[in-house]
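Asker: Next come the chains, spelled out residue by residue.
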Amino acid sequence: MNIQFRESSEAASPLTAKTAIADCDIHPARATRTELYPYLAKRWQHHLEIYGVHAYQGMMEGPPYPKAQPNASRRDAYPPEGGPQGSSLSFMQTQHLDPNNVQLGVLNPLNAGQGIRNHELSAALCSAINDWQIDKWTSKDKRLKASIVVGNEDGLSAAAEIRERAGDKNFVQVLLLSRNVEPLGQRRYWPIYQAAEEAGLPVGVHAFGFGGNPITPSGWPSYYIEEMVGHSQCQQSALASLVLEGVFERFPKLKMVMIEAGFGWAPSLAWRLDKAWQRLRSEVPHVKRPPSEYIREQVWWTTQPMEDPERREDLFDVIKWIGWDRLLFATDYPHWDYDEPSRVLPPGVSDANREAFYLGNARKLYGID
Amino acid sequence: MARHVIAPVDELPPGTRKFLEIDGRPIAVFNIKGEYFGLLNRCPHQGAALCEGPLIGLAQSKDPGEIEYTKLGEIIRCPWHGWEFDVRTGQSYCDPRRFRVKAYPAHVEPGANVVKGPYVAETIPVRVESDYVVVEL
Ligand code: FES
Numbered sequence: 001m002n003i004q005f006r007e008s009s010e011a012a013s014p015l016t017a018k019t020a021i022a023d024c025d026i027h028p029a030r031a032t033r034t035e036l037y038p039y040l041a042k043r044w045q046h047h048l049e050i051y052g053v054h055a056y057q058g059m060m061e062g063p064p065y066p067k068a069q070p071n072a073s074r075r076d077a078y079p080p081e082g083g084p085q086g087s088s089l090s091f092m093q094t095q096h097l098d099p100n101n102v103q104l105g106v107l108n109p110l111n112a113g114q115g116i117r118n119h120e121l122s123a124a125l126c127s128a129i130n131d132w133q134i135d136k137w138t139s140k141d142k143r144l145k146a147s148i149v150v151g152n153e154d155g156l157s158a159a160a161e162i163r164e165r166a167g168d169k170n171f172v173q174v175l176l177l178s179r180n181v182e183p184l185g186q187r188r189y190w191p192i193y194q195a196a197e198e199a200g201l202p203v204g205v206h207a208f209g210f211g212g213n214p215i216t217p218s219g220w221p222s223y224y225i226e227e228m229v230g231h232s233q234c235q236q237s238a239l240a241s242l243v244l245e246g247v248f249e250r251f252p253k254l255k256m257v258m259i260e261a262g263f264g265w266a267p268s269l270a271w272r273l274d275k276a277w278q279r280l281r282s283e284v285p286h287v288k289r290p291p292s293e294y295i296r297e298q299v300w301w302t303t304q305p306m307e308d309p310e311r312r313e314d315l316f317d318v319i320k321w322i323g324w325d326r327l328l329f330a331t332d333y334p335h336w337d338y339d340e341p342s343r344v345l346p347p348g349v350s351d352a353n354r355e356a357f358y359l360g361n362a363r364k365l366y367g368i369d
Numbered sequence: 001m002a003r004h005v006i007a008p009v010d011e012l013p014p015g016t017r018k019f020l021e022i023d024g025r026p027i028a029v030f031n032i033k034g035e036y037f038g039l040l041n042r043c044p045h046q047g048a049a050l051c052e053g054p055l056i057g058l059a060q061s062k063d064p065g066e067i068e069y070t071k072l073g074e075i076i077r078c079p080w081h082g083w084e085f086d087v088r089t090g091q092s093y094c095d096p097r098r099f100r101v102k103a104y105p106a107h108v109e110p111g112a113n114v115v116k117g118p119y120v121a122e123t124i125p126v127r128v129e130s131d132y133v134v135v136e137l
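Keeping their order, the protein sequence lines are chains A and B. The first sequence begins at 1 in the working numbering and counts up one residue at a time. The second sequence begins at 1 in the working numbering and counts up one residue at a time.
The set of hints was computed from the structure by calculation and includes no laboratory data. The structure presented is a predicted model; accordingly, all values stated were derived computationally and were not measured. Possibly wrong hints are sitting among the right ones.
Quick list of in silico lysine-lysine cross-link-like pairs, BS3-like style, CA-CA up to 27 Å [said to hold, decoys possible]:
| id | chain 1 | residue 1 | chain 2 | residue 2 |
| --- | --- | --- | --- | --- |
| 1 | B | LYS102 | A | LYS18 |
| 2 | A | LYS67 | B | LYS116 |
| 3 | B | LYS18 | B | LYS33 |
| 4 | A | LYS18 | A | LYS364 |
| 5 | A | LYS288 | A | LYS320 |
| 6 | A | LYS275 | A | LYS288 |
| 7 | A | LYS142 | A | LYS255 |
| 8 | A | LYS18 | A | LYS67 |
| 9 | A | LYS67 | B | LYS71 |
Full structure from sequences and hints, please.
Answerer: See below:
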């Protein structure tokens, strides 16, 4: 073992007064395998012990690509009391929320019961993780807000879970993942959009999920790095599906948040969609306006991972197309591609845009004053 | 260049590192196979405490399919985004032209020298009969 840790990792962040921020992608983890049991009926506890979970991707346990650092997490984010990175509220507070002046933190639990073949088990686990988010996180730290985790492959039970949580101030969005059994615009997912729209909650689409399809459009790649960049390809096809199946047309008040898949590709996807739509409009007459209009009106983007072009003007050009009012700052804490708030935005941004980027847009979107 | 006594040698055996703050700067001193190296403990990328990362080797490849793994235990991998730096020189391997972490010379001095010389021992009581790891900055 050649790793040693200093006692206080949080010293890495200078403790000077920092700009107040919203962090729109924080990943809380379970400290133990059985931490959800208090929220799960005995029937499902026993089921888990006897059968485990059955994911859509075949013949393997866990994600198909082993993650770096490990657990895809910062090496310095192990809580001092033990357990995986992201499993301790007090350590999250001292390492991240306090020193970075996080005023609003949106929790996005992963591996939380979504995308499991047994839909009843999936629904039970998702409901359990939602209870757990309140008990362990949002009720203990008012800065934190939860995402409603749903068993997305069964639109009806997902919608039921959303309706049950609607109006509960602990929750600020519905969480989906980008890799599913089918592209996200398909009808099976519509009950989710309907329930979210009724509840006035944005739907976040976070990278990952394992729907059983190859992880890139050209098949299974060899390396984790290919999976990493594949997230933007996946998010592009999800977004195209949402537009072209008519989800935005059918649910005009629906707000979608693209989480952790970059945004540099947004303009070119929209330009290509617009061009194709001009020629093929009659195939999808339910798409009444140019695709770019739906995207610019109904889609928000979290920043981490931000593209990092050599010329920062290139980044500003992309942001100008997207709109400074559409970006939501995110660190992805405690994951290893974490963005340090004070280092992420290049100089040359007006004060108003900075404030919107770091805090204002998120407050508005999630309805937090 | 001021010299700082940072530990008696037996407190920093091979494979270990020590973290300290000197003149307000976070520093880490490594003992790698009996040689000593000092690095600024701040990653030039986004500022992580770089030296808390694991010490790994350097994977290089001349051709796809051929992998050479050298400098075992001499490459520090940042605990945040995994950028790799050579502990001996502070050189970055992803972008050596733009990034480097400040390296500070470190070595061992006998107690007699340290007691006489221009050394600053902030927390370590220095005795003539031991040897000490000294870093210069
Ligand atoms: S802060 Fe060290 S690699 Fe990013």
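Asker: Hint by hint, say whether it matches the structure.
Answerer: Right, here's what the structure says about each hint:
no., hint, result
1, B:LYS102 / A:LYS18, "holds, 26 Å"
2, A:LYS67 / B:LYS116, "violated, 52 Å"
3, B:LYS18 / B:LYS33, "holds, 15 Å"
4, A:LYS18 / A:LYS364, "holds, 21 Å"
5, A:LYS288 / A:LYS320, "holds, 25 Å"
6, A:LYS275 / A:LYS288, "holds, 14 Å"
7, A:LYS142 / A:LYS255, "holds, 24 Å"
8, A:LYS18 / A:LYS67, "violated, 31 Å"
9, A:LYS67 / B:LYS71, "holds, 24 Å"
When held up to the earlier numbered hints, the structure conflicts with 2, 8 and fits the remainder.
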